[in-house]
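Q: If you want the building blocks of each chain, they are given just below.
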Amino acid sequence: MSTSQTTGLSEPVGSEKISVGTLGYIRARHRQRQYDVVIRELKKSGIIQADLARRLDKAPEVVSRLLARPGNWESDTFSDLLFAISGAVASVHAEHPLSQRVEEFPAEQIKPESAPIRSKSAFALGTEANNAIIDEWKKQAQDAPIPIAA
Amino acid sequence: MRLLRRHRLFELESLFTGNDTARTMIVSPDILAVVTPPFSDTEHGRRLGEFRAWLDNFLEGGEVSVAEDPQQKPPDAMLARVTPVEDEFWSVRVTEPEDTAGIRSLGGFGAKDKFICLIWDFREGIPVFDDEVDAARDAWRDLFGSRGPMSGESLDEYLTNYRAV
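These protein sequence lines are chains A and B, in that order. Residues are numbered in our numbering as their position in the first sequence, beginning at 1, plus a constant of 244. Residues are numbered in our numbering as their position in the second sequence, beginning at 1, plus a constant of 1163.
Honestly, the hints are just simulated from the structure, not real lab data. These numbers come from a predicted model, not from an experiment. Keep in mind that the hints are not guaranteed to be accurate.
[What the hints assert, rightly or not] Cβ-to-Cβ under 7 Å is the rule here; a few derived chain B residues that face chain A:
#, residue
1, 1196
2, 1215
3, 1216
4, 1220
5, 1225
6, 1226
7, 1231
8, 1233
9, 1236
10, 1237
11, 1241
12, 1304
A virtual CB, placed ideally from N, CA and C, is assigned to each residue, including glycine.
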């Protein structure tokens, strides 16, 4: 089977300028993640758009447009939508998928002392090796008296 | 799939999650060429980066806003049916960056959550949209013969995690 390769996009290094094409890709991903969160909450809550518009004191067509696609929302708009839909607030964390490393706050808490340490380049996000080591951390964490972030 | 082996179509991987994806996206060589990084430091590159992000979002199972009625689609729908509806072709609608006309890419579903994207262009490069649909139909016929795209009774039969708009 022919597949495109998961290469060509990497973390910035040194003082090298990041292309606007790369920034365009990353920005679009970020917008989409926000959109996913909002729509998921919307579906779970069952709230109708008219009520959501009233809660936000916005015209229904404005809310309809906001929810039609992953637009370039201001941070406040994202926050307002989430809270108005279900009282939710966003949980923010940083990931480093391109450097083949997971850096989430919970990961710090679930990595027991005995877990093997590997260099960033030793495994790739989403690969079996990486998944295996994360699973191992989680398993050890469950067995150990270390709190795991929700 | 024999077409994949002959390199006439390619199964796309997510730039972030590789082949660990919730959906499948098959693309033509033309599309693969323009959505493969690096993306240039130009307006062109920015728009193609947006295009790739749309495709990766589909692959990773992200929400997709879908318009079923070609005559009454909101301008912001991410995926929309095109006329004639019975031919089962859909338009991938990349509507960002907002200061551009965006990108359109046409194709059809091969199965649920499996989309086959055959042609693409910047929206301003498509003066007559019906011609683009004709081109997609020709490309499909060239690849699959008389077997048309998947046809379903409802959106649930086409994809998961969508929002009808």
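Q: Any hints this thing doesn't respect? Which numbers, in order?
A: 1, 7, 8, 9, 12
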